[in-house]
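Participant: For reference, the chains in residue letters:
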Amino acid sequence: MIDKRIASMREAIAGIKSGDAVMIGGFGSSGIPFELIEALRLHGADNLTVISNNAGSHEIGIATLLRDRLVSKVVCSYPRSQGSIWFERMFEEGAIELELMPQGTFAERMRAAGGGLGGFFTPTGYGTKLAEGKETREIDGVGYVLERPLKAEFALIKAHKGDKWGNLAYNTAGRNFNPVMAMAAETTVAEVEHIVELGELDPESVATPGIFVDRVVAQEGLV
Amino acid sequence: MERRTPEQMAERLAQDIPDGSYVNLGIGMPVMVANFVPEGREVIYHSENGILGVGPTPEPGTEDPDLINAAKQHVTLIKGGCYFDTADSFAMMRGGHLDIAVLGGFQVSADGNLANWATDNEKYPPAVGGAMDLSVGAKTVYVLMRHTTKDGAAKILDACTYPLTGTHVVSRVYTDLAVIEITPEGPRVIELFGDNSFEDVQAVTGTRLLPQA
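Protein chains in written order, with my numbering: chain A, 68 to 290; chain B, 4 to 216.
Source of the hints: derived by calculation from the structure; they are not laboratory data. Don't take each hint at face value.
In silico lysine to any residue, SDA-like type, Cα no more than 25 Å apart, as pairs [unchecked claim]:
id, chain 1, residue 1, chain 2, residue 2
1, B, Lys82, A, Gly183
2, A, Lys218, A, Leu109
3, A, Lys201, B, Asp123
4, A, Lys231, A, Gly182
5, A, Lys228, A, Val290
6, A, Lys140, B, Lys126
7, B, Lys153, B, Glu188
8, B, Lys75, A, His227
9, B, Lys126, A, Arg147
10, B, Lys153, B, Cys85
11, A, Lys196, B, His77
12, A, Lys228, B, His77
13, A, Lys201, B, Ala162
14, A, Lys140, A, Asp113
15, A, Lys196, B, Cys85
16, B, Lys75, B, Cys85
17, A, Lys71, A, Arg108
18, A, Lys196, B, Ile30
19, A, Lys228, B, Pro68
20, B, Lys126, A, Gly150
21, A, Lys218, A, Gly183
22, A, Lys196, B, Leu160
23, A, Lys196, B, Pro68
24, B, Lys126, A, Ser139
25, B, Lys75, A, Thr239
26, A, Lys196, B, Thr210
27, A, Lys201, A, Leu184
28, A, Lys140, B, Asp123
29, B, Lys142, A, Asp113
Assemble the whole structure, with the sequences as input and the hints as a guide.
Facilitator: See the structure below:
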């Protein structure tokens, strides 16, 4: 029997250890697993590497992990946004490491990890500071940069609906990085607004097949 | 010299967006271009977070919390629009499927290099987002920027001094003074606004311009 449903946010993030790399889905305020992030904040693990497109803003989501000094490294494409005070403060203090890369490279590195590739050559970043130290190659007259897969121990993602096999459907643009992160992590935990019965999701609407998902937890309305 | 307002700059650029284009508008001044595309042209706007067919700002109270654009503002989806994940969204860029990207710029070089993601201030955290992918991937890159900095320094130069976003990627620069096309011979003025003379514009440009053909 396959039943990936977990009863609480607290149990859903069990097993995350200090020093782990954790992917967190979302873009801006869209498609973010706010309740899982809150559970992670209260969980006790620190020295985390957070892999997420943005580095949080104001006093919610990823920003609270930074504020509570649980994060030692951020891997992202765009750490600076309106209200990203905690990231900026820690960056200025030298209290946080930043690994920055172009957004498409960021997504594709996770897809490569999830798809079992050893890397890929991208034209993005060729000839720029972000390609320094990386292997490059000219293919058919175009310059490319070798990018390696990006993996993590955990992915915390957010979907609209999920079933007990882990199939997920998203709401509008809330999809963003969630599907590639689901593929790339050893353990993927999905926060969903609704858990539905098997067969209720239109198979054509399943954007993340359950094989990529290990745990599904319904929002508790806590955040 | 006659300096156009940001709205007028966006309006000028919008005239060059053809019917049937797939277009990505960068954060800041470029997003204003959508307001000025002439009636009757069907243009599909792409947003890097996974939308084709970005529509106008929603009525207050009808916002979908997940439906935002790259600038993280609430938007709507037009009829026929669709959603996809970020990896597919950037495949659309790198794969050359997007017709036009309109980007802001700090500096553009005579040979079409673009610098628009970082300055030389090391204390300020860098952020690149989708700028590099867009500059490399879109079939045509239009840069919409003021001709000079607030302090009057030239932004169109022999070579960029800020970190590059992409090399040999810019097709045209639309400034508040003129429209400049990057050609194999060098940057050529193709339009001067108002009474601006070629000499006026050359005087605030950090590289040799070619006059209108």
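Participant: Out of the numbered hints, which ones does the structure contradict?
Facilitator: 1, 7, 10, 11, 15, 23, 29
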